Amino acid sequence: MDVVIVDYGAGNLRSVARAVAHAGVDAKVSARPQDVLAAKALIVPGVGAAEDTMANLRAGGLVEPVLEYIASERPFLGVCMGQQALFDYSEEGGRHDCLGVLPGRIVRFPSGMTVPHMGWNTVEMRVEHPVFEGIPDGSYFYFVHGYHPVPSDDSVVLGETDYDGVRFPSVVGRGNVVATQFHPEKSARWGLQLYANFLRLAKERGSIAPAGMTA
Amino acid sequence: MLTRRIIPCFDVDRGRVVKGISFVELRDAGDPVELAAQYDQQGADELVFLDITASSDARTSVYDMIRNTADQVFIPLTVGGGVRTPQDVRLMLESGADKVSMNTAAVQRPELISEGAKGFGSQCIVVAVDAKRVGAERWEVFTHGGRTATGIDAVQWAREATERGAGELLVTSMDSDGHQDGYDLGLLRAISDSVEVPIIASGGAGEPEHLYDAFTEGGADAVLAASIFHFGKYDIPTLKQYLTDRGIPMRPVETDTPSPA
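Chains as they are written, first to last, in my numbering: chain A, 188 to 402; chain B, 47 to 307.
Same shape as in the complex, but just chain A (with noise of 0.2 Å):
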């Protein structure tokens, strides 16, 4: 199976090729449009900036590409900027449009706050996603960020995060599109099962959305 880790210069592509390994797949790391097309699960990983995340989408001409390969509903995984990447735009250092997928903007936490939400979190799942099966509800996960999704459909919020009592989707997804906030490559146990689950899923049936949910 085309296992593809979009290369676009992030810095933790090893952890996440790691994490995949760890499941007993061989990933491709890769930069080229063509490996993007081509796979049969992408993951995009991301940390730092929305701005610098999507300009270096841009640059290597991986906007169309990572949009057909979503469109066409084969199994996508994204993590942290590769989450808020998805959405509409991000006002991280400005307004800054990202892809689209989801629709909803990226938000600072609150002022006065201790930024980033830095450390371990619960998640509580609105919907039994295929994705954490497995997976207790409420299981710790590793987060480390300062911004975070609003959604404008609610549909799209498939697990939640409590920070300090501000309650923010952490998990967000449609169809054959899942995307975490935290970082499952850094979240021991849980983090390791949910990329076994969507490796698996992927590959058994070629989907992993949940029942009678559509893209």
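By construction, these hints were calculated from the structure, which means they are not laboratory data. The model shown is predicted, which means the values in this text are computed figures rather than measured ones. Incorrect hints may have been included.
[Stated by the list, open to error] Looking from chain A toward chain B, a few residues come up when the C-beta cut is under 8 Å (computed):
hint	residue
1	S202
2	A236
3	P303
4	M305
5	T309
6	Y329
7	D351
8	E372
9	L379
[What the hints assert, rightly or not] Here are the in silico distance ranges between beta carbons for each label pair:
hint	chain 1	residue 1	chain 2	residue 2	range
10	A	E391	B	R193	34 to 42 Å
11	A	M188	B	R136	28 to 36 Å
12	B	V180	A	A246	47 to 55 Å
13	B	R193	A	L254	54 to 62 Å
14	A	P290	B	V180	38 to 46 Å
15	B	R193	A	V337	32 to 40 Å
16	A	E311	B	D291	23 to 31 Å
17	A	D275	B	P132	27 to 35 Å
18	B	R136	A	G211	28 to 36 Å
Ideal Cβ placement from N, Cα and C applies to all residues, glycine included.
Once you have looked at the hints, place chain B on chain A.
Showing chain B alone in chain A's frame:
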């Protein structure tokens, strides 16, 4: 709810852990991979490796060490020691470090913080502040492993470091370090009240209540400790249970970890 973090710290020389370790079941107490895996299983929330390799031709050993560790341990790794340039930051991140800690070079050339934050994101730039008390409520920054006084006010420096893009501060009290009679709570409180980023308390942990005090009185988001773990006085599950019982949110220790597929 966001939990507070417990972070064991290892000193590494030429890719080997050199600070005393007391896990009896280890085959090789100097092997960073084995130690990291052990602490991961015990419920460590992150790990910090401090490279103290003096000889410059042995410096590359740290990259192999990071690579080997990150291949097998899936919790955040911070690496510090000898970081002088954005290229050093890049090499550590590419080897598998999630965060890079900088101290002396950042004081000498604060632009290093901004360059690191711009190039790789604030989330991976940790500024280590080594501070010594010089008055009732005043602390001075030291560099070069505590050997060089700078005349810089620690609280002011902490603020500048975060303005330049540090995503986290590692605050070490040189007065308390190694004494195991508690963190410098005044220093922690002065800095945690002055910055918005998370701070890691370091220097002085000897008893479970010292950790509790760092979180409550000191306002720390995480505690770093070496001796309290390495000498086997307390293990992480014991400390987490103690802190949980006293109302500090802690990530529970998982009792088993998945094996590779």
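Results for each hint:
no.: 1; hint: S202; in the structure: 6 Å, holds
no.: 2; hint: A236; in the structure: 6 Å, holds
no.: 3; hint: P303; in the structure: 6 Å, holds
no.: 4; hint: M305; in the structure: 5 Å, holds
no.: 5; hint: T309; in the structure: 7 Å, holds
no.: 6; hint: Y329; in the structure: 6 Å, holds
no.: 7; hint: D351; in the structure: 7 Å, holds
no.: 8; hint: E372; in the structure: 6 Å, holds
no.: 9; hint: L379; in the structure: 6 Å, holds
no.: 10; hint: A:E391 x B:R193: 34 to 42 Å; in the structure: 59 Å, violated
no.: 11; hint: A:M188 x B:R136: 28 to 36 Å; in the structure: 31 Å, holds
no.: 12; hint: B:V180 x A:A246: 47 to 55 Å; in the structure: 49 Å, holds
no.: 13; hint: B:R193 x A:L254: 54 to 62 Å; in the structure: 55 Å, holds
no.: 14; hint: A:P290 x B:V180: 38 to 46 Å; in the structure: 55 Å, violated
no.: 15; hint: B:R193 x A:V337: 32 to 40 Å; in the structure: 49 Å, violated
no.: 16; hint: A:E311 x B:D291: 23 to 31 Å; in the structure: 24 Å, holds
no.: 17; hint: A:D275 x B:P132: 27 to 35 Å; in the structure: 32 Å, holds
no.: 18; hint: B:R136 x A:G211: 28 to 36 Å; in the structure: 30 Å, holds
The structure fails to meet hints 10, 14 and 15 from the earlier list, while all remaining hints are met.
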